[in-house]
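Note that the protein sequences, when read in sequence, are chains A and B.
Just so we're aligned, residue 1 is where the first sequence starts under the working numbering, counting upward by one.
Just so we're aligned, residue 148 is where the second sequence starts under the working numbering, counting upward by one.
No lab work stands behind these hints, which were simulated from the structure alone.
Heads up, the beta-carbon is just placed ideally off N, CA and C, and yes, glycines get one too.
Just so you know, not all the hints are guaranteed correct.
As the list claims (entries may be wrong) - Straight-line distance between alpha carbons at most 25 Å, and here's what the computed SDA-like set of lysine to any residue pairs gives: (1) B/Lys195 x B/Gly233; (2) B/Lys581 x A/Ala63; (3) B/Lys581 x A/Asp133; (4) B/Lys581 x A/Ala127; (5) B/Lys581 x A/Leu96; (6) B/Lys581 x A/Trp17; (7) B/Lys581 x A/Leu143; (8) B/Lys581 x A/Asp90; (9) B/Lys581 x A/Cys112; (10) B/Lys581 x A/Gly99; (11) B/Lys581 x A/Gln60; (12) B/Lys195 x B/Leu328; (13) B/Lys581 x A/Cys136; (14) B/Lys581 x A/Ser141; (15) B/Lys581 x A/Val102; (16) B/Lys195 x B/Leu170; (17) B/Lys581 x A/Gln129; (18) B/Lys581 x B/Asn604; (19) B/Lys581 x A/Asn137.
What the hints assert, rightly or not - Partial selection, computed: residues in chain B whose CB lies under 10 Å from chain A: (20) Ser175; (21) Pro180; (22) Thr208; (23) Ser210; (24) Tyr560; (25) Trp573; (26) Thr608.
Single-letter residue listing:
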Amino acid sequence: MWIMTGPCLVLAFLGAWWTAGRLAGDGLWPPDEVTLSEAVATRNNAEAVRLIESGANPNQPSAVREGLLTSGYAVTIKPIEAAVGAQRADSVRTLLANGAAVDQEELRVLRCLEQTRHDSGVRELLAAQSSSDVDCNGVRSPLERVR
Amino acid sequence: MVRTALRSPATTLAVVLATLMTLPLADSLYRVPIQVSDSLEPLVIAAKYDSAQHLLHDSLTFSPTTFRPLRYLQARALLAFTQATGVTYHAVFRGLHVVLLLMLIALFVAAVRVRTWPDLVAFTFAFPVLLGIHTFLSMLLEAFPVNHFAEVGVCALVLFVLAQHQPRWFVPVVASVLLALSLSVIESGAMVWVTVICCAVAGLRGINRTTVVATTVVFVGYLLLRHVLEISSPGVGGHGSGFGDRFYSPEELAQRFGAHPLGFMIYNVTGGLASLLFAEPRQGVYALLAASREGEMHPVVLINVISSSATTALLIWYAVARLPRSRSAWSDADRTFVAACTAFIVNAAFNAVYIKDEIMSPAGLFYAIAAFVAVRALIDSLPSRTLAATALATCVLTAVAALWTFRAAGVHYQLRYDAFTTRNDWVEVLRPDKHDDWPEDPVELGLTERLRAEAINRRTTSPSFMPRWTDRYWVE
């Protein structure tokens with residue numbers, strides 16, 4: 001009969017562990033420490049806005065750890081490049097609304113990056129900035145591994 | 148009284164177990180920011196009125212289908228409390244959500260009345276059922292400024308617990324007040340009256356004729372008031388709802404079922420009950436049908452269906468084994484079981500127009516109580532069974548308990564996920580590039596700015612940094 005209590009006891013033990021962890025620090029699944037580009041890459045728009053409102057530069061490249069946008073290596077990219085890489089139109093819009101600037105050269109890089117990631121929402125947003133066709137010859141993806 | 152209740156070591160252990168599992172749950176719930184949907188607008192309305200009387204008067208006509216004056220008055224009182232104390236809106240509103248959660252847990256522990264070691268074993272089965280059932284999570288995720296479904300759950304459980312004890316002079320008064328409060332925050336408050344009636348029908352001694360009459364008078368008065376104020380019930384097409392293997396928008400429902408709604412309403416009522424008993428359908432959509440169409444079945448669907456169906460089978464076993472006797476021969480446990488089961492069956496009728504997990508949230512509480520009674524009876528019956536039957540029953544119960552515990556653990560993940568999406572919702576509020584859309588009223592603007600700042604500045608966990616497998620096992 002007592003074996004039935006096992007699952008509940010395990011959860012109670014975990015609950016005690018999580019509570020102790022919370023009292024000592026952040027506990028179960030604490031909020032992550034991220035750069036602005038990482039916040040965007042993980043579709044954490046609210047964290048991106050918090051970082052910008054705290055003084056982070058929305059045009060400054062920052063590190064994105066491996067596994068978020070790339071496999072096996074980290075990259076250092078601009079937040080808006082992370083948004084396009086993560087196929088997040090809402091993140092692109094949030095960055096543009098909060099001070100991200102995109103010049104013609106950067107726009108070309110972003111549109112070429114979108115052609116490799118394919119997101120119709122992002123494509124529409126970028127096309128609204130420039131309606132001309134884009135030539136991707138010689139454009140290096142910001143997500144490529146730097147040798 | 149508390150000392151008496153805790154005199155049994157089994158009772159003490161049940162309280163300790165409940166506490167250990169509830170504390171991190173309270174923490175997970177507290178991490179969810181105040182929601183934009185369903186919360187911001189009532190808060191702004193409550194803040195803008197010059198007086199509570201004026202707000203009460205106007206709130207009677209806010210909607211042609213709802214009568215919820217206390218929703219706005221509660222919000223206004225909490226806003227005033229926030230300003231008076233200087234604490235954050237988050238602390239006050241989310242803190243109240245947590246208090247309601249703690250009250251629900253305490254009332255559940257009181258309702259199942261663990262006194263002996265077999266009681267404790269049954270409790271370790273039923274408590275994860277309470278936390279893990281999808282209606283409980285839906286109640287926690289409720290987006291109103293004050294969690295009305297949790298309020299209804301608390302009021303219903305208070306009466307259920309009172310019904311289990313000797314009748315007291317104050318029960319009719321308490322029942323009437325709780326019913327009136329519940330009905331003035333949300334229509335599901337009628338479940339408080341249903342609880343009283345079901346307890347009386349089951350013969351629980353704490354509900355006497357006076358309580359039944361008093362609460363019925365309050366309920367009839369509520370219906371008359373709605374009639375006088377020309378508040379109608381919502382029809383088909385007022386909300387989106389599922390049918391078969393897909394979800395339909397309000398317009399699609401009106402077009403498809405508006406002319407002949409009876410079949411759809413029967414589908415909704417039976418579907419609401421089935422969702423509680425078998426974890427399918429959810430919001431009216433049968434995930435099993437959708438999975439067979441798409442050729443992909445997420446493990447979460449199987450886990451939920453197996454655990455719920457097995458527990459429902461246990462309830463059916465209890466009903467067949469214990470209830471055919473005459474009502475006068477029923478034990479207290481039998482009466483508790485009948486009251487709980489009839490309450491959750493009647494609760495299904497509330498889904499007539501559209502199915503929503505939150506509507507069934509009181510039913511989820513009663514389902515867990517019924518599960519406790521049934522498991523307790525099965526444990527009692529084990530000594531009279533063969534060794535093989537005992538071993539088989541123990542193995543099955545342990546496996547089902549493990550599934551429920553897994554579901555209960557998933558509540559943390561889903562609350563983290565909700566905290567993440569709710570915080571992101573605030574990014575769309577007061578957008579810098581849409582300054583023209585900002586409110587012009589200084590009170591509304593000030594409140595919105597502060598709520599937004601509190602939400603944005605409360606860091607949450609991104610699902611990207613949580614285990615990848617969790618989505619398939621915990622999110623339907």
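Tested hints:
1. B/Lys195 x B/Gly233: Holds. B/Lys195 to B/Gly233 sits at ~19 Å (cutoff 25 Å).
2. B/Lys581 x A/Ala63: violated, 30 Å
3. B/Lys581 x A/Asp133: violated, 29 Å
4. B/Lys581 x A/Ala127: holds, 20 Å
5. B/Lys581 x A/Leu96: holds, 12 Å
6. B/Lys581 x A/Trp17: violated, 45 Å
7. B/Lys581 x A/Leu143: Measuring from Cα to Cα gives roughly 32 Å; hence the hint is violated.
8. B/Lys581 x A/Asp90: holds, 15 Å
9. B/Lys581 x A/Cys112: violated, 29 Å
10. B/Lys581 x A/Gly99: Holds: B/Lys581 and A/Gly99 sit about 13 Å apart, inside 25 Å.
11. B/Lys581 x A/Gln60: Roughly 24 Å between the alpha carbons, so the hint for B/Lys581 and A/Gln60 holds.
12. B/Lys195 x B/Leu328: Holds, at about 23 Å.
13. B/Lys581 x A/Cys136: Distance of about 33 Å is beyond 25 Å: violated.
14. B/Lys581 x A/Ser141: violated, 32 Å
15. B/Lys581 x A/Val102: With a Cα-Cα distance of about 19 Å, the restraint between B/Lys581 and A/Val102 holds, given a limit of 25 Å.
16. B/Lys195 x B/Leu170: This hinted pair is violated, its Cα atoms lying about 36 Å apart.
17. B/Lys581 x A/Gln129: With a Cα-Cα distance of about 18 Å, the restraint between B/Lys581 and A/Gln129 holds, given a limit of 25 Å.
18. B/Lys581 x B/Asn604: holds, 21 Å
19. B/Lys581 x A/Asn137: violated, 36 Å
20. Ser175: holds, 8 Å
21. Pro180: The hint holds - B/Pro180 has a Cβ within 10 Å of chain A, the shortest such distance being about 9 Å.
22. Thr208: Status violated, d = 36 Å.
23. Ser210: violated, 31 Å
24. Tyr560: Because about 8 Å separates B/Tyr560 from the closest Cβ in chain A, which is inside the 10 Å limit, the hint holds.
25. Trp573: holds, 6 Å
26. Thr608: holds, 5 Å
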